[in-house]
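Chemist: Take a look at the letters that make up each chain.
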Amino acid sequence: MFDLIKKDLVVGWIVLLGITLLIPFITSIAIMAMIDDFGGLILGVFGLITFGLCLAGAFLFISVDTVYEADRHLVSLPLKRSKIVIARYLSMWLCLTFNYSLVILSCLVAVYYFNQSDPLLDRLLTWRGIFAPYLMLIFILLYMLPFIFKFSTNKGTLIAVTTQAVLLLINPAHQLLNKWFPELFAFDFTWILQKLQAVLQWLSQQSTVSIYAGIVILIAGVAVISLALSIRFYNRRDI
Amino acid sequence: MKILISNASPDPIYEQISKQIKNQIIAGDLNEGDPLPSIRKLAQELQISVITTKRAYEQLVSEGFIDTVGGKGCFVAMQNKELLREKRMKTVEEMLSEAVSEAKKLGIHLNELREMLELLYHEDE
Amino acid sequence: MANVIEIENLSKEYDDFFLDNVSFVLPEGFIMGLIGPNGAGKTTIIKLIMNLILRKSGTIKLFGLDNREHEVEVKSRIGFVYDNPNYYEHLNLKQIKNIIAPFYPTWDEAEFKRLVEKFNLPMKKILKKFSRGMVMKAAIAIALSHHADLILMDEPTSGLDPVFRRELLDLLYQLLQDEKKSILFSTHITSDLERIADYVTLIINGKIIFSRNKDEVLENYALVKGGNDLLNAETRKLFTGIRRNEYGFEAITSNLQETKKQFGDQLVYDKASLEDIMYHANLRENHV
Chain A
1 MFDLIKKDLV
11 VGWIVLLGIT
21 LLIPFITSIA
31 IMAMIDDFGG
41 LILGVFGLIT
51 FGLCLAGAFL
61 FISVDTVYEA
71 DRHLVSLPLK
81 RSKIVIARYL
91 SMWLCLTFNY
101 SLVILSCLVA
111 VYYFNQSDPL
121 LDRLLTWRGI
131 FAPYLMLIFI
141 LLYMLPFIFK
151 FSTNKGTLIA
161 VTTQAVLLLI
171 NPAHQLLNKW
181 FPELFAFDFT
191 WILQKLQAVL
201 QWLSQQSTVS
211 IYAGIVILIA
221 GVAVISLALS
231 IRFYNRRDI
Chain B
1 MKILISNASP
11 DPIYEQISKQ
21 IKNQIIAGDL
31 NEGDPLPSIR
41 KLAQELQISV
51 ITTKRAYEQL
61 VSEGFIDTVG
71 GKGCFVAMQN
81 KELLREKRMK
91 TVEEMLSEAV
101 SEAKKLGIHL
111 NELREMLELL
121 YHEDE
Chain C
1 MANVIEIENL
11 SKEYDDFFLD
21 NVSFVLPEGF
31 IMGLIGPNGA
41 GKTTIIKLIM
51 NLILRKSGTI
61 KLFGLDNREH
71 EVEVKSRIGF
81 VYDNPNYYEH
91 LNLKQIKNII
101 APFYPTWDEA
111 EFKRLVEKFN
121 LPMKKILKKF
131 SRGMVMKAAI
141 AIALSHHADL
151 ILMDEPTSGL
161 DPVFRRELLD
171 LLYQLLQDEK
181 KSILFSTHIT
191 SDLERIADYV
201 TLIINGKIIF
211 SRNKDEVLEN
221 YALVKGGNDL
231 LNAETRKLFT
241 GIRRNEYGFE
251 AITSNLQETK
261 KQFGDQLVYD
271 KASLEDIMYH
281 ANLRENHV
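Top line first, the protein sequences correspond to chains A, B and C. Counting from 1, position 22 in the first sequence corresponds to residue 22 in this note's numbering; the numbering is continuous, with no gaps. Counting from 1, position 109 in the second sequence corresponds to residue 109 in this note's numbering; the numbering is continuous, with no gaps. Counting from 1, position 178 in the third sequence corresponds to residue 178 in this note's numbering; the numbering is continuous, with no gaps.
Because the hints were derived from the structure by calculation, they are not lab data. As the structure is a computational prediction, the values presented were derived from the model and not from experiment. Do not take every clue at face value.
What the hints assert, rightly or not - Going by beta-carbon spacing under 7 Å, a handful of chain C positions derived as facing chain A:
1) Met50
2) Leu52
3) Ile53
4) Lys75
5) Ser76
6) Phe80
7) Pro102
8) Phe103
What the hints assert, rightly or not - Mimicking DSSO-like on lysine-lysine, the simulated pairs with C-alpha atoms at most 27 Å apart in a straight line are:
9) C:Lys128 to A:Lys6
10) A:Lys83 to C:Lys94
11) C:Lys125 to A:Lys6
12) B:Lys105 to C:Lys261
13) B:Lys19 to C:Lys271
14) C:Lys271 to B:Lys22
15) B:Lys72 to C:Lys180
16) B:Lys54 to C:Lys271
17) C:Lys260 to B:Lys19
18) A:Lys6 to C:Lys261
19) B:Lys41 to C:Lys180
20) C:Lys225 to C:Lys261
21) B:Lys72 to B:Lys22
22) A:Lys155 to C:Lys56
23) B:Lys41 to B:Lys22
24) B:Lys22 to B:Lys2
25) A:Lys83 to C:Lys125
26) B:Lys105 to C:Lys260
27) B:Lys19 to B:Lys2
28) C:Lys94 to C:Lys118
29) C:Lys56 to A:Lys80
30) B:Lys2 to B:Lys54
31) B:Lys54 to C:Lys180
32) B:Lys19 to B:Lys54
33) C:Lys56 to A:Lys150
Where is the CB? At the ideal position from N, CA and C, for every residue including glycine.
Build out the structure end to end from the sequences listed, making use of the hints.
Modeler: Rendered as structure tokens:
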């Protein structure tokens, strides 16, 4: 299994190098935009690009493998398919963590070495500020991976992104439809919102430690489900 | 040992092989106890299939010309000199009887036939 | 004698093609040619053996073990060559070997070096610069470097020149000297197998036409030619893949003796090559 991760490094080190140079660069631009107060839009765009790069960077090795149809060869090796899946997960997680660390590192360098400061940066460079986006990225990755293992890399990514977009757009879409066709879409989602608010209330009353513990357990649970699904899908796939 | 196979021959390949080996044994070119190549080596050398050489050898074993010594390979079997001579005589007999039947078809008389035989026999002298 | 491959009632369904109840065996120590026209199902069968695709029904036993239950053990004993062995093109042979070798407990580095030298392959040149023949040789070198007991090759010679094909045959003969090694070789270039194959399995449109000892096939099958006046409902049933021209017809018979008895001098008889047999069997299967 670690041979597979080693393989990823041998095969994709150039692209990894590219990302290593690109991320700090883009991050610095984002920071400059923040600091020079160029306005929320530029910050937002560069912020998004930075985090997008982190995620895309995790797809580095799997993209190389897809281009070279490595699946065919991997599956013909005396290797359980589940190991291939686990190695993929590990490799992508390591990549993501590496990329994200670069972002945080760039921010830290800007603040402590170049002595720049900005309220937004200060908010980011707290424990909560660092881990929240990280966990978000992991969550997105865990969501996308089963799609990729069930369908091919390209098709799976497309479907995953589409479903995510749909989910994101449900609320605004509902509001829009409500505006135009009030009679048809007179569903009241308020009871769901009330329930959600009740849950959030309860959560905020818990201690910080247990909140974090809860989140870690949640992510671990999602990871297990994601992994199990991916293994199941990959085992049943025709290569 | 010499083995030459022809794709144009009406005889199947395994038969060409066993015939040629048989004839060499009968002619004395191969002697008792001489080792034969393994079926796989022979197949490789002649560029044919292992099953073909196997069949050729099986035929030779069943006709008593070679023996398989377990684990060591195939060797030319002890040939009974009498039996060998008998076998070769039989071949001559068969050829002669063919000549006789052809002669009869053509209406050639026994005397004419005898003359022909004498001529042929003395041809090389 | 043990069978190295045992396939029973294997089937697989695609949208426009299906593999229909395929069964055959390969005894240990022999070489079998899997022949058939393009799209007949040869690659599908090989992929099913390697468990690259999932079967709809049937069993596949390799070395006496189920190929799914004992997948890892079985695969470590198989040397597998794709018809298009495209590895990472930006890597060189040494790097690719280093990626693959750790997965085989029986990897023999000395043997790999020997084969690479024999095939004259450069270790430090990237694979993109290899010719098709060289890529194939590289794939074969890798497949043969872990003491595999079963060599599985899918169209290893297509697109390659006759010289390479002869070299490959020489290599296979060398392998077969070890009576524990078996080979399954799929191809539509039947002349490659005409001499070396011990067994031949002919597949057309997903159906096995026959799986037999090659010598038996070549002895019992023959090319027959006769006048068109001989063709009637009855005779059409006796011959396979009748092909008519202005001056007569040509077909294959699967029982030379019987046919000679029945038709005697009315027909001209010729030795059938595997290609003739495949061609006429294909005519029959695809003739409406």
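Chemist: Hints first: check each against the structure and report whether it holds.
Modeler: Comparing the hints with the structure gives:
no.: 1; hint: Met50; in the structure: holds (6 Å)
no.: 2; hint: Leu52; in the structure: holds (5 Å)
no.: 3; hint: Ile53; in the structure: holds (4 Å)
no.: 4; hint: Lys75; in the structure: holds (4 Å)
no.: 5; hint: Ser76; in the structure: holds (4 Å)
no.: 6; hint: Phe80; in the structure: holds (5 Å)
no.: 7; hint: Pro102; in the structure: holds (4 Å)
no.: 8; hint: Phe103; in the structure: holds (5 Å)
no.: 9; hint: C:Lys128 to A:Lys6; in the structure: holds (22 Å)
no.: 10; hint: A:Lys83 to C:Lys94; in the structure: holds (24 Å)
no.: 11; hint: C:Lys125 to A:Lys6; in the structure: holds (21 Å)
no.: 12; hint: B:Lys105 to C:Lys261; in the structure: holds (25 Å)
no.: 13; hint: B:Lys19 to C:Lys271; in the structure: holds (21 Å)
no.: 14; hint: C:Lys271 to B:Lys22; in the structure: holds (26 Å)
no.: 15; hint: B:Lys72 to C:Lys180; in the structure: holds (17 Å)
no.: 16; hint: B:Lys54 to C:Lys271; in the structure: holds (22 Å)
no.: 17; hint: C:Lys260 to B:Lys19; in the structure: holds (25 Å)
no.: 18; hint: A:Lys6 to C:Lys261; in the structure: violated (69 Å)
no.: 19; hint: B:Lys41 to C:Lys180; in the structure: holds (15 Å)
no.: 20; hint: C:Lys225 to C:Lys261; in the structure: holds (15 Å)
no.: 21; hint: B:Lys72 to B:Lys22; in the structure: holds (21 Å)
no.: 22; hint: A:Lys155 to C:Lys56; in the structure: holds (24 Å)
no.: 23; hint: B:Lys41 to B:Lys22; in the structure: holds (19 Å)
no.: 24; hint: B:Lys22 to B:Lys2; in the structure: holds (11 Å)
no.: 25; hint: A:Lys83 to C:Lys125; in the structure: violated (31 Å)
no.: 26; hint: B:Lys105 to C:Lys260; in the structure: holds (26 Å)
no.: 27; hint: B:Lys19 to B:Lys2; in the structure: holds (12 Å)
no.: 28; hint: C:Lys94 to C:Lys118; in the structure: holds (16 Å)
no.: 29; hint: C:Lys56 to A:Lys80; in the structure: holds (21 Å)
no.: 30; hint: B:Lys2 to B:Lys54; in the structure: holds (18 Å)
no.: 31; hint: B:Lys54 to C:Lys180; in the structure: holds (16 Å)
no.: 32; hint: B:Lys19 to B:Lys54; in the structure: holds (14 Å)
no.: 33; hint: C:Lys56 to A:Lys150; in the structure: holds (18 Å)
Comparing the model with each earlier hint shows violations of hints 18, 25; every other hint is respected.
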